[in-house]
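Colleague: As a plain string of letters, each chain reads:
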Amino acid sequence: MPAPRLRSRSLRKIYVRTPGGRTIIHYRYKKPELAKCSSCGNPLKGVPNERPDKMRKLPKTKKRPSRPHPNLCSKCMRREIIREARKNV
Amino acid sequence: MFEIGKLCIKTAGRDAGKKAVVVSILDEKYVLIDGETRRRKCNIAHLEPLEGTVDIKKDASHEEISKAFDEIGLKARDVTPKEKKERPKKIKKEKEAAEPKEKKKPAKKSEEKKEVVKTETKKPVKKPKEKKEVKPKTKKEESKKK
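Keeping their order, the protein sequence lines are chains E and Z. Here the first sequence stands for residues 1 to 89, where the numbers follow my numbering. Here the second sequence stands for residues 1001 to 1146, where the numbers follow my numbering.
Just so you know, these hints were derived from the structure itself, not from any lab. No experiment lies behind these values; they were computed from the predicted model shown. The C-beta atom is built at its ideal place from N, Cα and C for all residues, glycine as well. Hints are all accurate, no fakes.
Here are the computed lysine-lysine pairs in the DSSO-like style, where the Cα-Cα straight-line distance is at most 27 angstroms: (1) E:Lys75 to Z:Lys1006; (2) Z:Lys1082 to E:Lys62; (3) Z:Lys1084 to E:Lys60; (4) Z:Lys1041 to E:Lys75; (5) Z:Lys1057 to Z:Lys1041; (6) E:Lys62 to Z:Lys1089; (7) E:Lys60 to Z:Lys1089; (8) E:Lys62 to Z:Lys1018.
Which residues of chain E face chain Z? A few of them, derived with a C-beta cut under 10 angstroms, are: (9) Pro65; (10) Ala85; (11) Asn88.
Please construct the entire structure, taking both the sequences and the accompanying hints into account.
Modeller: Structure, rendered in C-alpha cells:
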C-alpha cells in the first residue's frame, strides 16, 4: 500500500524496473493540459505545457509564438489576416 | 500577380500581418519584399495581395521604400541601430568600490590576526602553554614599535 499522500489521482505512476528485478512505482505530478487554439481547438505548437513552477522559470519568448494572434493556431491566424486584408479590398 | 511595387500583406511567420512591397522577383515561387517587414526573400504562398501599388524601381533601397511608404501613409521598419543601454551591473560595481574604503582598516587587522593565528597554530601542536606566551609578546612588540 502506498503512503496516503501518494494515493491521489493528481499523481501519475511510472513503473520502474530495479536492478534486482523488482518493479516499483514512482510517483510524479501530472502535466497540465495542452494549450489549444481558441477558434478550432487544436493543440498549439510552440507553447510548452509544464507545471507552473517550471513555466515561471521560462523566458516569455519561449512561452508563446512571436507572430500576431498567439492564441490561434497558424492556420486560423492566416485565415484571420487574409479575411481582414480582403475586407478593405 | 506579384509585380514590382505591388503592396501585399504577410500571412506567415513573425512578420505576419505587416504590409510590404515587392522589390524584385527572384523566381516563380519567391519574391524579395521590404517595408513594415524586414527586407527578405518570401514565398508567394505566404503573401496576400492588397489593392494599390507603390512607385519603386527594381531593387530599390530601404530608404527609397520608406519615402514611398510615407507618401501612402504607412511607416517602414526602422533600420537605425538601437542605442546601447547601460546595464544595471555597473551600480553593483560602484557599491563594491565604495565599501572597500571602509573595509580597508578592518582588513589590516584581520591580516595581523591571521599572522598571529599562524604562529599559534604552528607552535601549540606540541605545547599549548606557548600559545599564551605568543599572544602577549606580539602585542607588546606592537606597542613598543608604536
